[in-house]
Structure formats: C-alpha cells, structure tokens
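Line order of the protein sequences matches chains F and P.
Residue numbering for the first sequence follows my numbering, beginning at 1 and increasing consecutively.
Residue numbering for the second sequence follows my numbering, beginning at 1 and increasing consecutively.
In case anyone wonders, no lab produced these hints; they're calculated from the structure.
Misleading hints may appear alongside valid ones.
As the list claims (entries may be wrong) - Quick list of simulated restraints, FRET-style, between CB atoms: (1) F:Ala114 - P:Ala405: 55 to 61 Å; (2) P:Met104 - F:Val191: 30 to 36 Å; (3) F:Ala114 - P:Ser353: 44 to 50 Å; (4) P:Arg284 - F:Leu120: 49 to 55 Å; (5) F:Glu103 - P:Ala346: 28 to 34 Å; (6) P:Arg419 - F:Leu25: 56 to 62 Å; (7) F:Thr160 - P:Arg286: 50 to 56 Å; (8) P:Arg31 - F:Arg97: 55 to 61 Å.
Said to hold, decoys possible - As a list, the in silico DSSO-like pairs of lysine-lysine whose alpha-carbon atoms are at most 30 Å apart: (9) P:Lys260 - P:Lys249; (10) P:Lys474 - P:Lys260; (11) P:Lys472 - P:Lys354; (12) F:Lys172 - P:Lys334; (13) F:Lys172 - P:Lys474; (14) P:Lys354 - F:Lys172; (15) P:Lys354 - P:Lys334; (16) P:Lys249 - P:Lys354; (17) P:Lys295 - P:Lys260.
Built from N, CA and C at the ideal position, the CB exists for glycine as well.
Letter by letter, the chains look like this.
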Amino acid sequence: MRSPRGVGVAVGAGITLAFIGMAVLAQFWTPYDPQALKIIDKLQAPGWQHWFGTDQLGRDVLSMIMAGAKNSVGVALLSVVIGLGAGVPLGLLAAARGGAIDEIIMRGNDLIFAFPSLLLAILITAVFGPGAGNAIVAIGIFNIPVFARVTRGAGLALWTRDYTAAARVAGKGPFRISFEHILPNLLGLLVVQGTIQFSLGVIAEAGLSYVGLGAQPPTPSWGRMLNDAQTLTVPAPRLALYPGLAVLLFVLGLNLLGDGLRSRREQ
Amino acid sequence: MTAQPLLALDSLGVSIGDAQIVNNLSFHVSRGEIVGLVGASGSGKSMTALAIMQLLPVGARLSGAVRLHGAVLSTMSEAELQGVRGRDIGMVFQEPMTALNPSMRIGDQVAETVRLHGKVSSSKANAMARDALDSVGLRGDAGAFDRYPHELSGGQRQRVAIAIAVVLRPSLLIADEPTTALDVATQAQILVLLRELVRERRMGLILVSHDMAVIAEATHRIVVLHEGAIVEEGRTAEVLLHPRHPYTKALLAAAELPPKRPSAPVISSSPILDVRGIVREYPRKRRSFWHAPLKFRAVDGVSLTIHPGENVGLVGESGSGKSTLLRAILALEKPQAGEVRLVGEAFSTANGSKLRRLRRSIQAVFQDPYGSFDPQWSVERLIAEPYYLMDTPPSVAERRRRIAAVLDQVGLAPADGARYPHEFSGGQRQRIAIARALITEPAVIAFDEAVSALDVLVRAQILDLLGELSSKLKLAYLFVSHDLNVVRAIADRVYVMQRGRIVEHGPTASVFASPQHAYTRELLAAAPRIHTASA
C-alpha cells in the first residue's frame, strides 16, 4: 500500500536524481559546447538540431541548462557542506555546555539571521568580487545558523534522555557523548534539513547570478540565462521559460523529497 | 439489576493477522457500576477498551458484538460512531501530558469537545466547560480555565482529561490506566474523583489497570484478563479474598509485595557512601534586571549514609527533590554545599583520573527502560560502555566473557548481546540496564524509579533479581522510588524526603509500622492497599 506521501518521496527523489545526474553528465558531455558562440544560428526555435533551440548568441539552450545544473548543484552542495561543517559542531557545543557558551553561540546565530540574506550575500560578493566561489561562501554562511539551531534543539532533547546520564556515569565527557550518542541520533534530521537547505541554495544561487554576482560569464548559470532572456521576452519567451522551469522543477523535487523524508522520520 | 445493562460485550474477539489478541470476551457494565479490567501488559485489556470505542488500529479484525443501551456499535457507520464517542462514551488515557494539546488553553480544549458534538453557542460551550472543570475539582484554582497544560501538575492534567471525557455527560466512561503515571497521593485523589463522578451521575465506569491495589480500591466488580481471555470474574471483595485462578493469585501477590526480611544489622563497618549536607539550588526565573534571581532549593542540606551490602530506600512524592539529590550523589551535578564521600574518598570534588576511578564504585539504573539506551547501539556495546572508566580496558576476549557473565547474572542469554534495545520488552531492558551497572563490579548501585515503569508481575521479578544480586555480590543499593510498596520490598533502611529535606529515617519495618512524621503517615495512608479495601 502506498500513501500519497510515499509517491511524493519517490517523485521528489526521481527529480532530484535526474538533475544531479544531468549535472554529473554535463561534467563530461553536453550536446554542444555551451560556451561556443555561433551567431549565425541565433534564436533558433526548438527542433531536432537544438531540442530547446538557441539563444541570441547562437548557444545551444539544452547544453546551457545542463551546464547550469552543474553550476547550481555545485554551489548549493558546497554551501550546505559549509553550513553542516560549521553549524553542527556549534549546535552540539551549545547543547552540551549550555549556559554562557550556549548564549554566545545562539545570539551570534541571531545576528546572522537578522541580516537580510540576499543583501549580505550581495555585500560579500561586492566586497570580495563576484564569482561562484564567493557565492558559495555567501550562501554557506546563512546555512550555519540554520544547522546550528536544528542541531542544538534536537540535541537538547536528546540530552534529557537517560542514556546520556548513563554515559556520564560511565565517565564520558560532554564532547565524547556529543559525538557518540547525540550526533548519530541526529543524522536523519540533518539529512532532511540538508535537503531543504540544498533547495534554498539552488534558489539563492539563481538569484545571485541573476543580479550578476554569481558565476561569471562565460560559465553558464540558470540565473544569468534568466537575466539575458529578459530583453527578449517578446521575440523568444522560451529563453526565460527553460531556465525558469529548471529552477522550479529542481526546487520542487528537493522539497518533495525533504518533506517526505521528514514525515517518514516522524512516523 | 435492570433487564438491559448499559454496556454488554457478547463474545468479543479481536485479531491482528493470525494473532488472536482478544478471545471470546463477554461481560457487562450497569449504570453506577465500576468494573475493573485487570491483567498484565499484553493481556489484551487496552485492546478491549479500544474495541468498545470501535477505535481498533488498522488491520485489526473484530468479531462478536458490543452493545450500548442495546444498540450494536460494531455495525454502526463511522459517522454514527463519531456521535457516540465523546457523547455516550468518554475515555481517559494513561499519559495526561500527551492527551492534551500543549498550545491550547484547557478551557478551550474542554469546550471544543462540546462544540464538536452539535450546534452550541460558544458561550454555552464555555459554560459547560466551566461546569465540567468544577466537577473535577479544578474550581479552586483561580483561572484554571485560562491556563495551559504545562502550567498544571500531572494530577491536575489528568483532572482536565477527565473533564473532557465527562463534559457531555456520557453514560459510560472508560479509563485506561488513569493513575499509572501519577504518584500515590495524586493517585488516591483521582480514584476518589472517579468514584464520586460515577455515584453522582450514575455512569458506568470501566477501569483498566495492571495494578490490583488500584482495582481493589475503586471497583465493584473485577474482570481478570490473561492472554486475551477472561480467567476470572466476580465481585471485587469476593475475588480478592478467594481468588480461584492461579493467574489472579499471581497478580495479587505481585501487587502486595512481601516486605524484605531484615538482614543482619551492619555494625562497625564504615559507610561506603557518605552524603553530608548536600544543597542544590536552581535560580528561579529572573524578575528584575537589577536584582539577582531568587533561588529555589531543590535539595536542602541532606545527609545520608549507606554501609557495604546495605539496601537503602529513599521515598518521596514527585518534586520532593529525590532525583536531584541522586544526580548530585552520582556527581552528575555539582552541589552548592555539602560533600559526597565514596569508599572513604571525596567524590563530589574529585576530577580527572580520580573521578573516573571512583565512578567504577557507583553505577546507576534509570527509570525509563525506553530512554536508557542509545537506540543505535547493540546491547553488547551498551553494557561495555562503563569500561571507559578503566585505565586499561580488558581485552576483547575478556570483555566478551564478562559481558556474557553479567547477561547471565541478570537472566538474559549471552546471545542477546548482539541484539538491539528495541527488540526487548520493558522488563528485559531493565535487566540490560542492571547488567550495564554490574560490569565495573561497583560497590553501590543507585536506582532512580527503576521499576516504576514496569508491569506488576515484571516488577516483582526484577525486585527478586535485585535482592538475589545484592546478597550474592554484597552490593549496596540506593533505591529511589515514590512507591512505598516497592521500597518496603527492597530496603533495609529508608529515608523519607519532602520538599528537599529528609523528614524521617530508620529501619524500614519500624518506619512503616510506626511512622513518626506527619508526611510519612500521609504517604502511607494514600497508598492503595488490597486487604483494607476488601474488608
């Protein structure tokens, strides 16, 4: 018997895997060189030669979408890794020690939360220069407080369990208990949160490159494709449609997957 | 007796898959009557209660008939049943915290039940809710209507749950272990409340419990369930005085645990655990930015001693500070004043390798058999965790041998080491927890309500095991419990704790026989007892 939720997870996982597969494939092969300009073929309608047509500079749109997926997955994934890498230890520390250390960590988190995220990302890229690397750092910084909070909250709940008291009676200190008993029991939750942050990273990356602060030309990215298509909405609306759909579908897939995994955990 | 009983079960059966959970069950309940449904966990009593409500889990199959006022519930549609539940049958569950919505005022929760069953104006519903809260004795609490569940004590929450169940004046109330999560004094009050409601409103009440003492105290008739079938049925006094079935006898014996035979008095030996003047304070919520927050003394200058091989009980209601004291004794929290000495050395101020060395001498068993183990660790690994205290941990082969030995000591098989905690029952889990406490060969084991979550029959077995281990291994126990019956069965000496202080202590037999302090007398009076009730 499959519940609608079960179907949601399957569809979400399917979409997510398709996009990640596309990104991996784009590393080795795309139908055309996504960066090759061929003005003579510009603005061709979709057809057998170019499935999604070509843009105003004659680049193959399908190839650009595929290369854009690579960029998108790379940026979002690394920013989640930054968030996990810094946020989880901070959350574990806050939950284990409590008191002043907890206050300092959590108020520091609030400080980052208080900044409008896109604005700060723009600030970072404006100061350190635009580019995929700085976009990763800018998005990653906002993942840190999210993971720190989730880890601290669930960690505090686990610290009330008797098995942590039993571990202390066995002479173990808060750091060892955090890594032996708390973290392993949080992994499922972190996978769910990671999926959701991944989807937010995809949107953030598209937003940053839309305003020109993400990956720089000629590296293809969905956000810049949307920006480029802006002036051509009347003659070639499809140029905005494909990258827009790519962002929409990928984020939808990740959210279905994340929600489904969450409700499975709660059962 | 009237011709038509309020509720009649006619060869009720419940099966899930191939397993027959409830088998050919027939009994009836009249108006104004309290029927006790008693049995150990797994006897099918909760399933019977759910079957009456037609609330069986998905996949369960029902046979036979349930009649309320002569109408057959088992053939009604879901929509008809929703009208019956709440209006004609009310239900109270064991856990008062999870039965209430934490983010809703209690008055609104009671009124919601009213509004779900018909078009009533919200002022009318609120008035009915106030009446219901009045009738369960929450009148005196100013503004009980507007408070949230977390602002109430466990007993008050259970009163709210009862108010929700009776607000529509149902003719039948089903209470599934309504007092199991409460301490003795509160339990006694809830039982009195249920009896009064039944008398005033001429309701029928089915009281489901594993505890013969509770059943003896409150019911008119008893139905004893074993493996899904009725093994004995009759008037309460009759069944208690002349139980016929061996299973009923076992339940009765387990409820009235025999007091521990006083062991030879310990003379001349110095105490193994010496607790002197422990104070543990917590800051209250800060009222003003300028003044330091007020302090709450959870433990207020407590001293106690335990000699080698001695079993000492510590009793008190929930909130009396006994768990906090235990955490200080185990050096999990630092006391603000006082000292804990273990095997003649300062324990509460020790740190580093000295702390680890001393920790080997005191181990602990906690209350919750489900929360005591990391669910991702195998039993073997869990039991071996205290080996972390050893400077040179034993070799793998030696470790195996020791784990097998302690598993055997607690009555489990060596092969159980490879399994995971979720594969074991509550009683087996407490055996695993005891095995973990034994692995470092300690001199003292502290038990924090270690048998409170267990079924009576299992509780009796665990207490037997503990008595045996103590005399065989010369182990000293500090046994913390709110249950006097249990403490009497295990302890040579007992300390009584109230509001952070020790109010009375002495040999168990004399404290129970002639309590000196008013609080001890109160606790003893509140404990349900089988023979006084039936006399």
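So, going through the hints one by one against the coordinates:
1. F:Ala114 - P:Ala405: 55 to 61 Å: holds (58 Å)
2. P:Met104 - F:Val191: 30 to 36 Å: About 32 Å separates the Cβ atoms of Met104 (chain P) and Val191 (chain F), which means 30 to 36 Å holds.
3. F:Ala114 - P:Ser353: 44 to 50 Å: holds (45 Å)
4. P:Arg284 - F:Leu120: 49 to 55 Å: Violated, since Arg284 (chain P) and Leu120 (chain F) (Cβ atoms, about 39 Å apart) do not stay within the stated range.
5. F:Glu103 - P:Ala346: 28 to 34 Å: holds (32 Å)
6. P:Arg419 - F:Leu25: 56 to 62 Å: violated (44 Å)
7. F:Thr160 - P:Arg286: 50 to 56 Å: violated (23 Å)
8. P:Arg31 - F:Arg97: 55 to 61 Å: Since the Cβ atoms of Arg31 (chain P) and Arg97 (chain F) sit about 60 Å apart, the hinted range of 55 to 61 Å holds.
9. P:Lys260 - P:Lys249: holds (20 Å)
10. P:Lys474 - P:Lys260: holds (16 Å)
11. P:Lys472 - P:Lys354: holds (28 Å)
12. F:Lys172 - P:Lys334: Satisfied, since the Cα-Cα distance of roughly 16 Å is no more than 30 Å.
13. F:Lys172 - P:Lys474: holds (27 Å)
14. P:Lys354 - F:Lys172: holds (14 Å)
15. P:Lys354 - P:Lys334: holds (16 Å)
16. P:Lys249 - P:Lys354: Roughly 51 Å separates the two Cα atoms, so the pair is violated.
17. P:Lys295 - P:Lys260: The given pair, whose Cα atoms are some 39 Å apart, is violated under the 30 Å limit.
Hints 4, 6, 7, 16, 17, counting from the list given before, are not met by this structure.
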